[in-house]
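**Q** Read off the chains here:
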Amino acid sequence: MTWQLTKKHNFDAVFDSQKLFRLLLEAISNPTRIVDIKEIADKLFGSYPELLAVAMTLLDNETGFSIYGSDSLSADIAALTLARREAVSAADFIFVCDKSGIQEAIEKAKYGTLAQPHKSATVVIQSDGAQAGSLTLSGPGIAGAVEIPVSQAVKDALACRAAQNYEYPQGIDLIFVSDKGELMAVPRLVKVVE
Amino acid sequence: MNSNYNYAFLDEGSKREIRRSVLKAVAIPGYQVPFGSRELPIGRGWGTGGIQLTLSLIGPADTLKVIDQGSDESVNAVNIKKFVGLCTDVETTNDTRKATLIQTRHRIPEIPLRNGQILVLQVPIPEPLRIVEPCEEATKKMHAEKDYAPMWLQLYESLVKYKKVTIPTEYPCMVEGRYMMNPSPIPKFDNPKLHRAECLYLFGAGREKKIYAIPPHTEVVSLAFDDIPFERESFAGKKCRLCGSENTYLDEIFDPQTGERFFQCSDTSYCQEVRRHVSE
Ligand SMILES: [Zn+2]
Numbered sequence: 066m067t068w069q070l071t072k073k074h075n076f077d078a079v080f081d082s083q084k085l086f087r088l089l090l091e092a093i094s095n096p097t098r099i100v101d102i103k104e105i106a107d108k109l110f111g112s113y114p115e116l117l118a119v120a121m122t123l124l125d126n127e128t129g130f131s132i133y134g135s136d137s138l139s140a141d142i143a144a145l146t147l148a149r150r151e152a153v154s155a156a157d158f159i160f161v162c163d164k165s166g167i168q169e170a171i172e173k174a175k176y177g178t179l180a181q182p183h184k185s186a187t188v189v190i191q192s193d194g195a196q197a198g199s200l201t202l203s204g205p206g207i208a209g210a211v212e213i214p215v216s217q218a219v220k221d222a223l224a225c226r227a228a229q230n231y232e233y234p235q236g237i238d239l240i241f242v243s244d245k246g247e248l249m250a251v252p253r254l255v256k257v258v259e
Numbered sequence: 026m027n028s029n030y031n032y033a034f035l036d037e038g039s040k041r042e043i044r045r046s047v048l049k050a051v052a053i054p055g056y057q058v059p060f061g062s063r064e065l066p067i068g069r070g071w072g073t074g075g076i077q078l079t080l081s082l083i084g085p086a087d088t089l090k091v092i093d094q095g096s097d098e099s100v101n102a103v104n105i106k107k108f109v110g111l112c113t114d115v116e117t118t119n120d121t122r123k124a125t126l127i128q129t130r131h132r133i134p135e136i137p138l139r140n141g142q143i144l145v146l147q148v149p150i151p152e153p154l155r156i157v158e159p160c161e162e163a164t165k166k167m168h169a170e171k172d173y174a175p176m177w178l179q180l181y182e183s184l185v186k187y188k189k190v191t192i193p194t195e196y197p198c199m200v201e202g203r204y205m206m207n208p209s210p211i212p213k214f215d216n217p218k219l220h221r222a223e224c225l226y227l228f229g230a231g232r233e234k235k236i237y238a239i240p241p242h243t244e245v246v247s248l249a250f251d252d253i254p255f256e257r258e259s260f261a262g263k264k265c266r267l268c269g270s271e272n273t274y275l276d277e278i279f280d281p282q283t284g285e286r287f288f289q290c291s292d293t294s295y296c297q298e299v300r301r302h303v304s305e
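Going down the list, the sequences are from chains A and B. One point on numbering: in this note's numbering, the residue at position 74 of the first sequence is 139, and numbering is uninterrupted. One point on numbering: in this note's numbering, the residue at position 157 of the second sequence is 182, and numbering is uninterrupted.
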């Protein structure tokens, strides 16, 4: 009997990346819409296959990343994407595995400048998916205002981001994934309305 | 599919960079995100920015439509379809409703696009402020400071001088009240289609290496003054000689043989559809 020494995945670098990118694009163009990335995440290993799938799609040696809450995910992302580990304040992508890391990640994330607002972090947050109330969101991509059920991680992250009072176009963009394979994005212009 | 090429021609690193830029562009509507434009084996004037966007977006589930000046059958449109087909094997269509991905130059289709469809527009000069400020560093600063006064002044002066705004295409608009944006060389007729649309608009400028976007349900307002509203081209009293439409953008065609002038729909697939319905 031989033990498998290397972790294997069957995420296709060309076709699964393309499919996941289009789902990400659909999500960020239509905040409040939940897209299903389970089929693609299931092709990856580890405790955070949804976060890893997003990393495989968007990261490479031209990007820096930082992680809250999982050394093994950090090692997997570095090995599979060749992206470099960065301090949180310099990272293009920040992955948050547990909601305990949300506040610090958002407070330290780079938010671009008025001249170069794209030089800001995308914060990708693992949420447990359990409903913790609802929020009404409004902004580009949303027809009027739409109320959606949200997890505690989404609530915490949106409250924390609003507290930063960024001067638009500065800001950070948020992506949430759940272990059920759900993905939702809340770009910087989308706000919680009372 | 020609297997000497990577799927969709571009290498995966190039696609990833463009994809990251696209997500940023959607998050900051109307802002021009820089990207590292690649050389493509196609002629100048084909709109490499639009093609690079299409190649970074496209996958086996897509159906592609390509139009140039409203026509699916123009040499440019056919060549782009051939090129993308050669390196992806995706289905192509002339039917606006069947397309998931539409690459275009100079027009937005007459049929309202639905949510889920993506319109990729080719842009030669992405900077709306270029007509008042030649220097790139200066226009960047103007966008950063939302200093659009020189552009408003230019509009005002043309109103005083010519009694109307003398910008036929690339008529600038404000996106979400923050960024002034060049909608690409579409006629003013198409500008209102950008406002609170259902579909996603992506703009690609290859030579200037910029990508920008208008997501669905985004406020896009063509520049105007309180007392002088924005006006589209008017085709009042004219109609398409082929399908009879009175509500489409019409091309004026001159027949040098007969000296006759007539009008027909610039959106050829729409025109054909109307004629099909009439004959049924
Ligand atoms: Zn017609």
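Just to be clear, a hint being listed does not mean it is correct.
Derived EDC-like pairs: lysine to aspartate or glutamate, alpha-carbon spacing no greater than 16 Å straight-line [stated by the list, open to error]: (1) A/K84 - B/E37; (2) B/K123 - B/D87; (3) B/K171 - A/E232; (4) B/K171 - B/E182.
Keep in mind that the hints were calculated from the coordinates and are not lab data.
**Q** Given the hinted pair B/K123 and B/D87, is their Cα-Cα distance within 16 Å?
**A** Holds: B/K123 and B/D87 sit about 10 Å apart, inside 16 Å.
**Q** Quick one, are B/K171 and B/E182 close enough, alpha carbons at most 16 Å?
**A** violated, 20 Å
**Q** Within a Cα-Cα threshold of 16 Å, do A/K84 and B/E37 meet the stated pairing?
**A** Distance of about 13 Å is within 16 Å: holds.
**Q** Going straight from one Cα to the other, do B/K171 and A/E232 come out at no more than 16 Å?
**A** Holds: B/K171 and A/E232 sit about 12 Å apart, inside 16 Å.
Comparing the model with each numbered hint stated earlier shows that hint 4 is the single one that does not hold.
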